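Q: Turn these sequences into a full structure, and let the hints guide you.
Protein chains: 2
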Amino acid sequence: CICNLRVSVSKILIISYFTDVNWGSSTQALTYLNALQHSIRLSGVEDHVKNFRPQCLIMTGAPNARPALLHLVHAFTKNVGLMICGHVHMGPRRQAMKELSTDLAKYQRWLIKNKMKAFYAPVHAEDLRDGGQYLMQAAGLGRMRPNTLVVGFKKNWRQSDMRDVETYINLFHDAFDIQYGVVVIRLKEGLDISHLQGQEELLSSQEKSPCSKDVVVKVDYGKKSETDTSIAFFPSSSERTPAVHKEEDEDGKTPTQPLLKKDSKSRSSPLNLADQRLLDASSQFQKKQGKSNIDVWWLFDDGGLTLLIPYLITTKKKWKECKIRVFIGGKINRIDHDRRAMATLLSKFRIDFSDIMVLGDINTKPKKENTVNGGVSSSITAWMLRCKYILILLYILNSVSDF
Amino acid sequence: CICNLRVSVSKILIISYFTDVNWGSSTQALTYLNALQHSIRLSGVEDHVKNFRPQCLIMTGAPNARPALLHLVHAFTKNVGLMICGHVHMGPRRQAMKELSTDLAKYQRWLIKNKMKAFYAPVHAEDLRDGGQYLMQAAGLGRMRPNTLVVGFKKNWRQSDMRDVETYINLFHDAFDIQYGVVVIRLKEGLDISHLQGQEELLSSQEKSPCSKDVVVKVDYGKKSETDTSIAFFPSSSERTPAVHKEEDEDGKTPTQPLLKKDSKSRSSPLNLADQRLLDASSQFQKKQGKSNIDVWWLFDDGGLTLLIPYLITTKKKWKECKIRVFIGGKINRIDHDRRAMATLLSKFRIDFSDIMVLGDINTKPKKENTVNGGVSSSITAWMLRCKYILILLYILNSVSDF
Chain A
1 CICNLRVSVS
11 KILIISYFTD
21 VNWGSSTQAL
31 TYLNALQHSI
41 RLSGVEDHVK
51 NFRPQCLIMT
61 GAPNARPALL
71 HLVHAFTKNV
81 GLMICGHVHM
91 GPRRQAMKEL
101 STDLAKYQRW
111 LIKNKMKAFY
121 APVHAEDLRD
131 GGQYLMQAAG
141 LGRMRPNTLV
151 VGFKKNWRQS
161 DMRDVETYIN
171 LFHDAFDIQY
181 GVVVIRLKEG
191 LDISHLQGQE
201 ELLSSQEKSP
211 CSKDVVVKVD
221 YGKKSETDTS
231 IAFFPSSSER
241 TPAVHKEEDE
251 DGKTPTQPLL
261 KKDSKSRSSP
271 LNLADQRLLD
281 ASSQFQKKQG
291 KSNIDVWWLF
301 DDGGLTLLIP
311 YLITTKKKWK
321 ECKIRVFIGG
331 KINRIDHDRR
341 AMATLLSKFR
351 IDFSDIMVLG
361 DINTKPKKEN
371 TVNGGVSSSI
381 TAWMLRCKYI
391 LILLYILNSV
401 SDF
Chain B
1 CICNLRVSVS
11 KILIISYFTD
21 VNWGSSTQAL
31 TYLNALQHSI
41 RLSGVEDHVK
51 NFRPQCLIMT
61 GAPNARPALL
71 HLVHAFTKNV
81 GLMICGHVHM
91 GPRRQAMKEL
101 STDLAKYQRW
111 LIKNKMKAFY
121 APVHAEDLRD
131 GGQYLMQAAG
141 LGRMRPNTLV
151 VGFKKNWRQS
161 DMRDVETYIN
171 LFHDAFDIQY
181 GVVVIRLKEG
191 LDISHLQGQE
201 ELLSSQEKSP
211 CSKDVVVKVD
221 YGKKSETDTS
231 IAFFPSSSER
241 TPAVHKEEDE
251 DGKTPTQPLL
261 KKDSKSRSSP
271 LNLADQRLLD
281 ASSQFQKKQG
291 KSNIDVWWLF
301 DDGGLTLLIP
311 YLITTKKKWK
321 ECKIRVFIGG
331 KINRIDHDRR
341 AMATLLSKFR
351 IDFSDIMVLG
361 DINTKPKKEN
371 TVNGGVSSSI
381 TAWMLRCKYI
391 LILLYILNSV
401 SDF
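Protein chains in written order, with the numbering used here: chain A, 1 to 403; chain B, 1 to 403.
Derived by calculation from the structure, the hints in this document are not laboratory data.
Mixed in with the good hints, there may be bad ones.
Note: identical chains are not told apart, hence a pair may lie in one copy or across any two.
Unchecked claim - Once the Cα atoms are required to be at most 27 Å apart in a straight line, the calculated BS3-like pairs of lysine-lysine come out as:
hint, residue 1, residue 2
1, Lys317, Lys106
2, Lys50, Lys113
3, Lys50, Lys154
4, Lys188, Lys106
5, Lys318, Lys331
6, Lys78, Lys98
7, Lys117, Lys50
8, Lys50, Lys106
9, Lys98, Lys50
Note that the structure is predicted; figures quoted are calculated from it, not measured.
A: Here is the structure:
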């Protein structure tokens with residue numbers, strides 16, 4: 001009898017050895033039902049101030065291509081709102097479809113491995129605009145659907161094909177048409193690191209290095225050609241561009257040599273200075289932010305969303321020492337009155353702020369020497385030259401204006 | 001002091017009276033977080049046999065337009081899988097966008113009111129095919145994304161514009177390209193009741209009436225013109241069309257007069273016979289199905305999905321008295337052997353069946369008089385003429401073939 005039992009045991013072992021099937025667990029099956037049930041329950045809840053969330057569709061491309069974009073958005077959506085990484089595949093359909101299905105598993109795994117609470121959503125389309133349409137219109141489930149489009153600033157807009165720029169701008173128009181808010185994030189160094197060999201490895205080695213001050217932007221008021229792109233973009237949509245950005249306090253140090261490690265196996269040649277800076281900038285949001293300022297440009301009362309995102313950012317551990325400064329426009333003869341009115345509003349929002357700056361010259365004509373930059377008031381110009389990165393919020397969401 | 005308290009109470013009352021804002025509850029805010037967290041947790045689970053689900057994208061148009069489609073799919077997705085009602089808005093963009101946002105709230109509420117565990121997903125696109133692309137590529141969140149496209153059979157394919165038919169057929173091709181399964185549901189009476197005035201009211205009054213046998217299809221072997229559309233569609237994709245359908249046992253009664261109620265306020269004129277039949281057919285899946293057969297055509301081994309949906313249907317209360325009959329093709333000289341092999345397979349699936357029919361003549365040439373119908377074997381022709389509705393599954397999903 002024991003012999004008989006042994007035979008059957010060895011049989012079972014052989015069977016389980018030969019069938020290479022993932023049978024999963026019932027707990028995992030339950031995970032599906034939980035997710036489904038909760039999503040359905042959510043769809044029965046009406047929109048109101050307590051369930052408004054910044055639900056972001058980020059045009060990251062491959063999620064590992066623009067780490068700065070990913071990390072900054074994750075800072076205000078993690079555990080609070082939705083984050084979907086949109087990836088538009090272009091080119092021949094058959095080829096793209098194959099890529100799509102392999103990418104789906106690969107990048108979702110990458111997101112989990114990198115502790116990003118986000119969903120990966122690849123589509124195949126004619127161009128970026130079409131793909132954006134697909135995602136903006138159809139992505140999400142019930143009430144868990146994006147309401148905000150996040151894109152990186154198109155760095156090469158001067159050099160690239162006009163049609164590309166048009167596609168890029170039309171993406172914004174489409175977003176407004178279907179009632180999305182738009183967030184544009186700009187780093188001086190750029191966002192896309194996909195051209196760097198083994199960029200992930202680089203980034204993770206970067207992460208381990210102590211928080212260096214190398215990335216402080218060199219302020220050079222004379223060097224117009226380097227800085228005027230940042231300014232040129234600003235007024236073109238200034239009608240609805242309250243700007244939020246974080247300013248690294250200048251410390252006056254001369255930049256130390258960038259870190260050029262050569263121990264990595266996958267890297268054959270050292271990075272050039274621009275790429276090294278790009279990498280440094282890309283990893284900056286994974287580090288503690290220290291005592292910095294988050295500057296909010298409250299140019300008109302859009303219902304409070306311009307303040308919501310900076311506020312959400314300051315609730316995170318890495319950003320908790322940052323202070324919010326609010327910039328508003330006002331008249332020179334009543335600056336004090338305007339400041340007090342804003343302070344009252346902010347205390348109603350229960351948002352802690354370090355300072356309120358009232359710009360009296362916001363409506364005065366710019367000086368002659370600044371007009372090449374598109375005619376922005378001189379105080380804004382000065383501020384923009386100092387700031388480290390700019391996050392432009394274009395919000396037309398007014399359904400939650402009573403936030 | 002009491003007076004003071006009273007004053008403040010009345011103040012509060014006044015405030016809550018004047019502000020017309022839905023402040024929601026914290027429980028509702030938590031609902032969002034629950035849904036989000038569970039969805040994110042799900043995205044970390046690998047695909048395996050225990051979390052494969054039929055996740056259906058149904059092209060319903062407005063969810064109340066094709067109730068039969070909705071109810072039949074709900075029978076096998078409710079509490080088990082995902083159900084998304086796709087609605088493609090066409091026409092001028094600005095107008096459609098307005099409709100979209102009003103429809104979103106309206107139809108999601110309609111679904112909840114009608115106890116459908118489903119999501120409403122409207123998009124604006126050039127045509128049905130484009131809209132299908134939007135939804136198939138981008139709808140859903142993480143692992144909760146459709147894997148099966150469900151469409152109604154295009155009833156007017158002979159009369160309508162060839163371009164419409166092409167669009168319809170291309171929808172299937174697109175679905176296969178992105179690894180979707182396709183389910184086509186056909187009712188002889190049709191599916192779309194949106195042309196009927198106050199169709200919802202009609203349907204709900206219909207629901208209360210006792211389950212009538214009026215909808216039994218009149219079997220008339222001589223009347224070719226009425227029946228050949230159902231057959232003509234079948235062989236054109238027979239290479240991969242295991243068909244599942246439910247057959248109402250013929251009871252030989254002469255049809256009683258259709259129910260023509262005139263008590264409804266919104267109806268000005270009585271319905272014609274065709275519309276009355278359409279309404280009867282549309283509400284049939286809301287009733288108990290009684291002792292009927294679900295016929296499964298297992299034409300080739302596609303991994304078991306052809307059986308999964310019928311099996312899921314029989315687990316529901318309304319369908320629990322239905323029996324599954326399996327039809328397979330075989331050779332005349334080994335019918336018994338084929339039947340036993342199939343019975344073994346079904347017992348491995350632990351699926352209860354009432355009968356297995358082996359069709360020996362499936363590969364024999366059709367008789368002369370049947371060739372107008374596209375050359376289907378005579379036993380299939382006879383069966384098709386008797387069946388009440390046809391649900392055609394086109395599955396190419398082979399990732400879960402080890403189910």
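Q: Of all the hints given earlier, name the ones this structure violates by number, lowest first.
A: Numbers 1, 3, 4, 5, 6, in rising order.
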